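Student: Residue strings, one per chain:
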Amino acid sequence: MASEFELSRNITIGQYVPTDSFIHRLDPRIKLLVFTILVLAIALNTSYLGNALGLLLAIYLFWASKIPISYGLSGIKPAIPFIIILAVLQLIFQGNVFSGGTVFFEYGFILITSESIRLVIVSAVRFVEIILLSSVLTLSTSTTDLTHAIQSLLSPLKKIKFPVHEISLIITIAIRFVPTFAIEMEKMMKAQASRGADFGSGEWWRIIQRTKDMLPIIIPLFNIALSRAEDLILAMESRCYTPGNDRSSYSVYQSIGRDYIVLVIGLLISALLLFYHFPF
Amino acid sequence: MPIIEIENLSHTYMKGTPMEHKALKGTSMVVNEGECIAIIGHTGSGKSTLIQHFNGLIRPDSGKAIIDGVDLSKKRIDIKALRRKVGLVFQNPEDQIFEKLIGDDIAYGPFKLGLPLKEVRERVKWAMDMVGLDFEEMKDRQTFALSGGQKRKVALAGILALKPKILVLDEPTAGLDPRSRNELLDKIKSLNKLENLTVIFVSHNMEEVAYLADRIYVMANGTDVLTGTPEDIFTDKENLQRYEIGTPETVQALYRLKDLGYHVNTSAFTISEATGEIIKVLANGEGGNRG
Numbered sequence: 051m052a053s054e055f056e057l058s059r060n061i062t063i064g065q066y067v068p069t070d071s072f073i074h075r076l077d078p079r080i081k082l083l084v085f086t087i088l089v090l091a092i093a094l095n096t097s098y099l100g101n102a103l104g105l106l107l108a109i110y111l112f113w114a115s116k117i118p119i120s121y122g123l124s125g126i127k128p129a130i131p132f133i134i135i136l137a138v139l140q141l142i143f144q145g146n147v148f149s150g151g152t153v154f155f156e157y158g159f160i161l162i163t164s165e166s167i168r169l170v171i172v173s174a175v176r177f178v179e180i181i182l183l184s185s186v187l188t189l190s191t192s193t194t195d196l197t198h199a200i201q202s203l204l205s206p207l208k209k210i211k212f213p214v215h216e217i218s219l220i221i222t223i224a225i226r227f228v229p230t231f232a233i234e235m236e237k238m239m240k241a242q243a244s245r246g247a248d249f250g251s252g253e254w255w256r257i258i259q260r261t262k263d264m265l266p267i268i269i270p271l272f273n274i275a276l277s278r279a280e281d282l283i284l285a286m287e288s289r290c291y292t293p294g295n296d297r298s299s300y301s302v303y304q305s306i307g308r309d310y311i312v313l314v315i316g317l318l319i320s321a322l323l324l325f326y327h328f329p330f
Numbered sequence: 066m067p068i069i070e071i072e073n074l075s076h077t078y079m080k081g082t083p084m085e086h087k088a089l090k091g092t093s094m095v096v097n098e099g100e101c102i103a104i105i106g107h108t109g110s111g112k113s114t115l116i117q118h119f120n121g122l123i124r125p126d127s128g129k130a131i132i133d134g135v136d137l138s139k140k141r142i143d144i145k146a147l148r149r150k151v152g153l154v155f156q157n158p159e160d161q162i163f164e165k166l167i168g169d170d171i172a173y174g175p176f177k178l179g180l181p182l183k184e185v186r187e188r189v190k191w192a193m194d195m196v197g198l199d200f201e202e203m204k205d206r207q208t209f210a211l212s213g214g215q216k217r218k219v220a221l222a223g224i225l226a227l228k229p230k231i232l233v234l235d236e237p238t239a240g241l242d243p244r245s246r247n248e249l250l251d252k253i254k255s256l257n258k259l260e261n262l263t264v265i266f267v268s269h270n271m272e273e274v275a276y277l278a279d280r281i282y283v284m285a286n287g288t289d290v291l292t293g294t295p296e297d298i299f300t301d302k303e304n305l306q307r308y309e310i311g312t313p314e315t316v317q318a319l320y321r322l323k324d325l326g327y328h329v330n331t332s333a334f335t336i337s338e339a340t341g342e343i344i345k346v347l348a349n350g351e352g353g354n355r356g
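Residue numbers (my numbering), protein chains in the order written: chain W, 51 to 330; chain S, 66 to 356.
Worth flagging that the hints you see were computed from the coordinates, not collected in a lab. Every value quoted in this text rests on a predicted model; they were computed, and no experiment measured them. Misleading hints may appear alongside valid ones.
Non-contacting residues of chain W with respect to chain S, defined by C-beta distances greater than 12 Å in every case (computed) [unchecked claim]:
no. : residue
1   : V67
2   : A102
3   : L105
4   : A129
5   : I135
6   : I210
7   : A224
8   : Q304
9   : L318
In silico DSSO-like cross-links for lysine-lysine, where the CA-CA straight-line distance does not exceed 27 Å [claimed, not checked]:
no. : chain 1 : residue 1 : chain 2 : residue 2
10  : S       : K228      : S       : K145
11  : S       : K302      : W       : K240
12  : W       : K262      : S       : K204
13  : S       : K129      : W       : K262
14  : S       : K129      : S       : K90
15  : S       : K145      : S       : K80
16  : W       : K262      : S       : K228
17  : W       : K262      : S       : K177
18  : W       : K240      : S       : K190
19  : S       : K190      : S       : K139
20  : S       : K80       : W       : K116
21  : S       : K204      : W       : K240
22  : W       : K262      : S       : K183
Where is the CB? At the ideal position from N, CA and C, for every residue including glycine.
Next comes chain W alone, as it looks inside the complex (with noise of 0.2 Å):
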């Protein structure tokens, strides 16, 4: 029986599952660079079709990341409020700003389109892809190689006086951070009701009774973000760190071959994605 506490299950984001697969191995650049133009060139592509090939690829990179796919089906379970909402709403609003194709059904301002429901559920399969490539990327990527990677890729802005560096840093925090707070939240939900407190069993439409019960949470919760925080500073002043100066890198990273021909497969595909016309 699964606790009804246990957040850190679905949470997916800012874990790193050390699985040593050949994803796991590439270079962290052009890991974050591929990764980063595909996301792009999904949330462009409006087909049927390049959604399909697009979701098959998220599919095959958990196969070859040999993490199990249902863990990152898990990181999703949170987001399907958030797609069925927003499928609703583009369903009822969205025909006549995409007033293409074959009428279904009008009534007043409702109009459902061929070419309305094609958003729909294109945007649908378009969330859960990009949630399962982003998934892919940092569950295979540790956190220090993220944050290198960020931070090389960013650093032609260096040029134009763009603050990379703390920008990286702040990126990898939050990321860093996620899992952690999760803990903090688990443990706090516990020991509050411990103390008799109760959770999402009011009725959905009293929210702000429901938001109060938050509170005993919220709270505690800002309290040790805070805490967090100074410590993190403490951490970091105690080890001299200076905002803005030129750092060194204990670990260089070097492209071999294999990083090349991923980024070579990537680019096609992305390419492919973004400019092929699919026939649906």
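Once you've looked at the hints, dock chain S against the given chain W.
Tutor: For chain S alone, coordinates are given in the frame of chain W:
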């Protein structure tokens, strides 16, 4: 009369994910009403997982857990009533304080029970008395301005205000200064002896265990490996070594005297008994190899 019966209990965290982790592998335990039980064992031996079963935060994967007559493996049980009966104090409980004023924070639990204001007030007063906070003086103080030891007392009072039958504490004194530590231990002892609460606590501090516990459970690798009175456990040299259990300093001192050839009773682990033993040695002037 047993108030907690655990039999062959197992639990796996994050089942079905790559992070799957077997925390409990068939633990058994019996706690009688009014007892004070210490659970000791190294990090990762399953102590925290076990105690979270006591108030139904975690339900048994397999095995049996009966808490005060409630069978946890049954699906439909009154979990809120169970949590009222079993007060669970987590590690660093001061994190859970969220109200601005001490009195309000302690009153959170009783209010959640739907008690009338007067009763809530009485419970808060009683709970604050129990942990040694003065009701009139402290109830309207700000929670954030308290010291670590006081915060922990407030958190403990927040649980006591539920009037539980069983009090479960996870490392209650970790991170406290010696004075707050001793105060808290005395409070726990008097709750157990005077208010007749069943107390179960996890600890790494053997002095504490020797001072409080009627019986000890030693856990290793997700199971209970040893149980007995502090006297049994602290004199069982072979198992102490096998499970790398520390002993109170009194026991260590007596063992060293014995190794030097003095005739001392190594099971005298409380401070006053150990003092007696040492005085006896000094008075007799007896000795082994040192004379």
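Student: Would you mind marking each hint as holding or not holding in the structure?
Tutor: Evaluated hints:
1. V67: violated (5 Å)
2. A102: Answer for W:A102: holds, closest chain S Cβ roughly 27 Å.
3. L105: With a cut-off of 12 Å, W:L105 remains clear of chain S, as the shortest Cβ separation is near 22 Å.
4. A129: holds (17 Å)
5. I135: About 27 Å separates W:I135 from the closest Cβ of chain S, which puts it past 12 Å; holds.
6. I210: Check passes; 41 Å lies beyond 12 Å.
7. A224: Label holds. Min Cβ-Cβ 21 Å, cutoff 12 Å.
8. Q304: holds (28 Å)
9. L318: holds (31 Å)
10. S:K228 - S:K145: holds (13 Å)
11. S:K302 - W:K240: Violated, at about 38 Å.
12. W:K262 - S:K204: holds (23 Å)
13. S:K129 - W:K262: violated (36 Å)
14. S:K129 - S:K90: Status holds; Cα separation ~12 Å.
15. S:K145 - S:K80: Given that 27 Å is the threshold and the Cα spacing comes to 25 Å, the pair holds.
16. W:K262 - S:K228: Status holds; Cα separation ~25 Å.
17. W:K262 - S:K177: holds (13 Å)
18. W:K240 - S:K190: The given pair, whose Cα atoms are some 25 Å apart, holds under the 27 Å limit.
19. S:K190 - S:K139: Not OK: S:K190 and S:K139 at ~36 Å, beyond 27 Å, violated.
20. S:K80 - W:K116: Satisfied, since the Cα-Cα distance of roughly 17 Å is no more than 27 Å.
21. S:K204 - W:K240: Distance ~25 Å between S:K204 and W:K240 Cα, so the pair holds.
22. W:K262 - S:K183: Given pair W:K262, S:K183 holds - Cα atoms ~23 Å apart, limit 27 Å.
Going down the numbered hints, you'll see the structure goes against 1, 11, 13, 19, while the others check out.
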